[in-house]
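Undergrad: Dock chain X against the given chain V, drawing on the hints supplied.
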Amino acid sequence: MEEQNIPGAQAPAPAPAKTADPESLVKPSRTRFWLKLIAGLYAVSLLSSFAVIAKVDGVRKSRPKDLDLSKLTGLSSSKKDVVAVIPIFGAIYQTDSSKVWERGSQQIARRIKAAADKKEVKAILLDINSPGGSVGAVQEIYSAILRAKAGTKKPFVARFGDVSASGGYYVAAACDTIIAEPGTITGSIGVIFSASSFAGLMNKVGMRSEVIKSGKFKDIGSPMRDMTPEERKLLQGLIDDSYDQFVTAVAEGRKMRVEDVKPLADGRIYTGRQALNIKLVDKLGDLQDALDLAGELGKIGKNPRILRDSDPWEQLFSMIDSKLSFFGGASIETALNASPRLEYRWYGN
Amino acid sequence: MNLIATVSDLVDEPQDFIERTDNREIGWAGICGCLFGTLSIFIFLRMFSAVPPGFYSFLNVLAIMLGINFFFASAMHLFLEMTGSRGSALKLFFLVGATDFFWAVLIPLGFLANLEYLNPVADFLLCAVIVLLARISLMRRLYSISRNKALLALSLPYAALTAGFLMVFVYAIVYVVWLVI
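Protein sequences appear in the order of chains V and X. If you read the first sequence in our numbering, its first letter stands for residue 1, the second for the next number, and so on. If you read the second sequence in our numbering, its first letter stands for residue 1, the second for the next number, and so on.
Hints may be right or wrong, so weigh each one.
A few chain V positions that, by computed beta-carbon distances, are all more than 10 Å from chain X [stated by the list, open to error]: (1) Q94; (2) K149; (3) G200; (4) I212; (5) L234; (6) V247.
Computed footprint of chain V on chain X; a stretch qualifies when at least three of its residues, placed anywhere within it, have a C-beta under 8 Å from a C-beta of chain V [claimed, not checked]: (7) 47-56; (8) 101-114.
No lab work stands behind these hints, which were simulated from the structure alone. Built from N, CA and C at the ideal position, the CB exists for glycine as well.
Isolated chain V, as found in the complex (with noise of 0.2 Å):
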C-alpha cells in the first residue's frame, strides 16, 4: 500500500518465474512415502493370505466335494443361534444323488449333515410326514441321524405331521425326542414286499417270457412267472431280518426292550395319542411345541430362530420339477422304474 502512495515510482518488477520447491526435489513427498508403507503392507499381507490359502485348502480337501448351495446365499446368512428344521415330507427312496433340488435320502442325509456341521445350529428339528419308503433309503437317513448326533452332540427333534408311518417312525426313533398330534397317523412298524404276477395275464394273451439264469433265485420276485414256495421261504428270510432291524432300531432309540417293542410292532398303526400311551411318542404338540422344545433343549430358549435349507437355486430347480411332475413326467418315470423291493412302508395312504 505504501509503494503506491510515492510518485514517480517504478513499477513493480515482473514476479519471477515459478520455480519448484528445491526442499521438494530432494525429498520425496508424504504421498511417495504413504505409498511405499502401503506397498510394504501389502506385500506383508499377500504373504500371509498364503497361509491363509493354504489352510483353506486343507479344510476344504478334507471335505466331501458336494455342491453347498447355502453358499450362495450371500448377505442374507446370519451367524445367531438358530434351530434347523429339515422337512421330510412324502415316501422315501434314493434319487439321482447329483440333482440337489430333488429330495431323495441321500440329500437328506447331506442336509443333516450340513444343518449339524454349522457353528450356529444349536439343535435340528426334522418336520416328518412321510409313510416311509424303501429299507436302504430310510435307513441311510437314520445313519445320517446317528452319525451327525455322536460327531456334534446337538440334540434332535422329530415331529409328525399327519402320517410318519413305518420308515417315518424308523427316522424319528433316532432322534431323541419325538412330538406327534393326538391324530397323527404313526406306527405301521414292519417291512413289506410286494411284487405282482403277470402270469395269468400272459397265459391268457398267449405270451411266454424265456429266462436263462445262473441259479434258481436269480429271477426272484420276476412279474412274469408265479412265485414258488423256495422263492417265498428265502423272501420271508429278507423280511425278517429287516423287521429285525427296525425292532433293533425302535427299541435303542426309544430306550425300549426288544420284547416289549415285539408286540408292538405288528404292523398296525396308531393315532399321536395312542402311541404316546405305548411310548412310542414322547409328547403331543404342534411344530410350535416341537420348535420350543428344540429351542429348549439346544439351550437357546423357547421360541428359537429358524433356519430352513432355503436355497433360491435348489428352490427354482424343486418347481420346475413339480412342475414337470404335475404334467405327468414324474409318474412315467415311477412306472418305468417300479420294480419289487423291501420297504419300510405304510400303504394306507
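TA: Then chain X, alone, in the frame of chain V:
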C-alpha cells in the same frame, strides 16, 4: 520408470498428470494397476476357494479383468464421444486399469472376512464402490466433464449389461414355461 513416483503424481495432481503425461507412462501405471488388482482379486477368491489354484487360473482372472476393463472403457468412451466430450480412449483404458490398484484393499478385508468379522460379498462391493469412485474422478478430468456426466457414462455399461441379463433371464423363463406346457 518408477511406479511409486508415477502413482504418487497421479494421486497428488491427477489433472496435471493426465494432461502432461504421455501414453507410455500412464500405460505403465494402468497395466501395473490391472496386474496388482487382478492379483488381489485372485488372492481374495483363493482365500474362499472360489477359484482353483495355479498360474493358469490367475491368467483366466486376468483375461476376464482385461476384457471387462476394455469393454467398460470402450463403452464409456463411445458414450462420451457421442455426447461431444473429447478425450483419449487409450488413456481412459489405462486410467481404468490404474484404478484397479484399489482392489488391493480386498486382501486385508479378506483376512477379516475369514475371521467372520465381515461378509466377503460386502467386502467385494465396498472395493467395487471405491474403484468406481476413482474411475469417476479420473474420467471427469480426462474428458473435462461434470461429475454427473461421468457417473452416467460409468453406469451406462452396467445398465446395459443388467438389461441384457434380464432379457436373457426372461427369455429363459419363457423357454422353460414353453417346455413345460
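Undergrad: Hint by hint, note whether the structure agrees.
TA: Now the hints, each set against the structure:
No beta-carbon of chain X is positioned within 10 Å of the beta-carbon of V/Q94; the least distance is around 25 Å. Even its closest Cβ contact with chain X, about 26 Å, leaves V/K149 beyond 10 Å, as expected for a residue assigned away from the interface. For V/G200, the condition that its CB be more than 10 Å from all CB atoms of chain X holds, with the nearest at approximately 40 Å. For V/I212, the shortest C-beta to C-beta distance to chain X comes to about 42 Å, beyond the 10 Å cut-off, and the non-interface label holds.
The non-interface label for V/L234 is consistent with chain X: the shortest C-beta to C-beta separation is roughly 45 Å, beyond 10 Å. With a least beta-carbon separation of about 45 Å from chain X, V/V247 lies farther than 10 Å from that chain, consistent with its non-interface assignment. Counting residues of the stretch 47-56 of chain X whose beta carbon lies closer than 8 Å to any beta carbon of chain V gives 4, which reaches the threshold of three, so the coverage claim holds. Residues of the stretch 101-114 of chain X with a Cβ under 8 Å from some Cβ of chain V number 6, which satisfies the need for three, so the listed coverage holds.
Hint compliance for this structure: no hint is broken.
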